[in-house]
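A.B. asks: Residue-level listing of the chains:
2 protein chains.
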Amino acid sequence: MQSTALRFKAEGKTIGLVPTMGALHEGHLSLIRKARIDANIVVVSIFVNPIQFGPAEDLQKYPRKLVTDLDLCEKERADFVFIPTEEEMYPKGFTTTVEVKGLSDVLCGAYRPGHFKGVTTVVSKLFNIAQPDLAYFGQKDAQQTIIIKRMAADLNMKTNIVVLPIVRDTDGLAMSSRNVYLSQEERKTALVLPKSLKVAESLIRSGERRAEVIKGRMMQLIQTRPGVRLEYIAVCDSEQLQERETVQPGDLIALAAWVGKTRLIDNVIV
Amino acid sequence: MQSTALRFKAEGKTIGLVPTMGALHEGHLSLIRKARIDANIVVVSIFVNPIQFGPAEDLQKYPRKLVTDLDLCEKERADFVFIPTEEEMYPKGFTTTVEVKGLSDVLCGAYRPGHFKGVTTVVSKLFNIAQPDLAYFGQKDAQQTIIIKRMAADLNMKTNIVVLPIVRDTDGLAMSSRNVYLSQEERKTALVLPKSLKVAESLIRSGERRAEVIKGRMMQLIQTRPGVRLEYIAVCDSEQLQERETVQPGDLIALAAWVGKTRLIDNVIV
Numbered sequence: 001m002q003s004t005a006l007r008f009k010a011e012g013k014t015i016g017l018v019p020t021m022g023a024l025h026e027g028h029l030s031l032i033r034k035a036r037i038d039a040n041i042v043v044v045s046i047f048v049n050p051i052q053f054g055p056a057e058d059l060q061k062y063p064r065k066l067v068t069d070l071d072l073c074e075k076e077r078a079d080f081v082f083i084p085t086e087e088e089m090y091p092k093g094f095t096t097t098v099e100v101k102g103l104s105d106v107l108c109g110a111y112r113p114g115h116f117k118g119v120t121t122v123v124s125k126l127f128n129i130a131q132p133d134l135a136y137f138g139q140k141d142a143q144q145t146i147i148i149k150r151m152a153a154d155l156n157m158k159t160n161i162v163v164l165p166i167v168r169d170t171d172g173l174a175m176s177s178r179n180v181y182l183s184q185e186e187r188k189t190a191l192v193l194p195k196s197l198k199v200a201e202s203l204i205r206s207g208e209r210r211a212e213v214i215k216g217r218m219m220q221l222i223q224t225r226p227g228v229r230l231e232y233i234a235v236c237d238s239e240q241l242q243e244r245e246t247v248q249p250g251d252l253i254a255l256a257a258w259v260g261k262t263r264l265i266d267n268v269i270v
Numbered sequence: 001m002q003s004t005a006l007r008f009k010a011e012g013k014t015i016g017l018v019p020t021m022g023a024l025h026e027g028h029l030s031l032i033r034k035a036r037i038d039a040n041i042v043v044v045s046i047f048v049n050p051i052q053f054g055p056a057e058d059l060q061k062y063p064r065k066l067v068t069d070l071d072l073c074e075k076e077r078a079d080f081v082f083i084p085t086e087e088e089m090y091p092k093g094f095t096t097t098v099e100v101k102g103l104s105d106v107l108c109g110a111y112r113p114g115h116f117k118g119v120t121t122v123v124s125k126l127f128n129i130a131q132p133d134l135a136y137f138g139q140k141d142a143q144q145t146i147i148i149k150r151m152a153a154d155l156n157m158k159t160n161i162v163v164l165p166i167v168r169d170t171d172g173l174a175m176s177s178r179n180v181y182l183s184q185e186e187r188k189t190a191l192v193l194p195k196s197l198k199v200a201e202s203l204i205r206s207g208e209r210r211a212e213v214i215k216g217r218m219m220q221l222i223q224t225r226p227g228v229r230l231e232y233i234a235v236c237d238s239e240q241l242q243e244r245e246t247v248q249p250g251d252l253i254a255l256a257a258w259v260g261k262t263r264l265i266d267n268v269i270v
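From first to last, the protein sequence lines are chains A and B. Each residue of the first sequence is one higher than the one before, starting from 1 at the first, in our numbering. Each residue of the second sequence is one higher than the one before, starting from 1 at the first, in our numbering.
Check the hints yourself; a few may be wrong.
No copy labels: a pair is met if it fits in one copy or bridges any two.
[To be verified] The calculated lysine to any residue pairs, modelled on SDA-like cross-linking and capped at a C-alpha distance of 20 Å, are:
1. K101 <-> G114
2. K92 <-> D237
3. K92 <-> Q240
4. K65 <-> I83
5. K158 <-> S3
6. K198 <-> Q220
7. K158 <-> D38
8. K158 <-> F94
9. K92 <-> D105
10. K158 <-> D133
11. K158 <-> T4
12. K61 <-> F47
Worth flagging that the hints you see were computed from the coordinates, not collected in a lab. Since the model is a prediction, treat every value here as computed from it, not as a measurement.
Construct the complete structure from the given sequences, taking the supplied hints into account.
C.D. replies: Right under this line is the structure:
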């Protein structure tokens, strides 16, 4: 993959990379479509990255749908699908980490220690392998996009990070490969999460600026659904991820919650 | 520098990078000469990297000789000299680190905590900025070369790491920008370090294989010079830096020692 990428670069071609863990949904496809418009060469990577999963997390049961994924990549006219094995990515003796300190320890990072270090390490590898001019990420993983932008800037990576909006199902739930874990009942329950973000937006539109009030009203709503265990709601700036007392334009409202055994995240930029 | 490098890459040119902290000596020049032979475009970087110095180390007094350095780079026909400021390399909010765990904690790393993390972070940045196909390092910094090779392999960097032999002054002392710190008397004293490596080589040539015996004989010699405070002598393999009981072909014998207020390192591959 790297030698192919370097050959295209020596011909002056632009490369767009869409890094994924597979089980592709409309969110991923929106990234591939944008890459297809922007870049000469479109690479989709599919790799369920073990080092970004905690020991008690869902690495084993994470959905794998390679045949469908390849079909979707072909339909979206990706030029290459890069599917390395764990042994290729992390051979014996592998010991290097790329870490964005601080930003990786808050929000989801506080509940998933080591997760973002795993993400930044694998993304560094994928960038070096596929040599992208542009790399595409979904806004659903808001903290991930902020961390990757910081890493790319700090390490002077040549890759421009493109973040595209959350794609939602018709019922409002943010698309996620993990949604397949939800029972029909759990899925209905989960809808309270995007609804709580709508409440926040509507409060802000009507003039509310106090983060405590906004978070309070979101929690109130979420508590009407006993099947949801809230992990966090954060109102923070969208660069340093510092909690706000007073909401500012461009701020991030993000949440994580468990619905049954499924961990869901969602967010909005206000 | 990056946009210049990317333009050359898009034309199919090869780039050779010689990363330095300036105060160039014959060791550095041997790297530039090799780059000049190997690559279409030769970039020398000069940056005294603050994050690889400990708080009690010689960042402030580290020799700076920019005018002479530029003259030498021109004589050796480098195409570009990249001289960033600290603020350009580490702007406000900088928080990303690249780290090679394990290898960075032994030998010099045990005495200079954080040093190699500073090295791998800045080298990652320089590689992304200068986009080298080849990067040149001196064998004098043996552990550094091993760590950088590991980093480049682990993170799938496109850059090939080229390591060139130690260049020694006529008296046998390994070339180092820090040698200017030595008084005439200290310099004579310091010669016991390369001599001790000669003793090790000669012992091995005559059949000795026991690391303890070899290190013992080296220490014996070094102790005849009261002006030398030995930090470590290591006999180890030259990939994992694991200490050996029995020397093997290709092993590294490395040492660090203080002569007055100057810390010197030297090594040999046997």
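A.B. asks: Compare the structure with each hint and give your call.
C.D. replies: Hints, verified against the model:
1. K101 <-> G114: Both ways: K101 and G114 sit 11 Å apart in one copy and 14 Å across, limit 20 Å.
2. K92 <-> D237: Between copies only: 17 Å across, 40 Å inside.
3. K92 <-> Q240: Close across copies (12 Å), not inside one copy (35 Å); limit 20 Å.
4. K65 <-> I83: Classified as within: same-chain Cα gap 12 Å, cross-chain 49 Å, threshold 20 Å.
5. K158 <-> S3: both (17 Å within a copy, 9 Å between copies)
6. K198 <-> Q220: So K198 and Q220 pass the 20 Å test inside one copy only (13 Å; across, 76 Å).
7. K158 <-> D38: Answer is within: at 16 Å inside a copy they meet the 20 Å cutoff, but 24 Å across does not.
8. K158 <-> F94: Answer is between; shortest inter-copy Cα gap is 17 Å, intra-copy 24 Å.
9. K92 <-> D105: between (28 Å within a copy, 19 Å between copies)
10. K158 <-> D133: This pair counts as both: shortest intra-copy Cα distance 6 Å, inter-copy 15 Å.
11. K158 <-> T4: both (18 Å within a copy, 12 Å between copies)
12. K61 <-> F47: Within one copy, since 14 Å is at most 20 Å while 48 Å is not.
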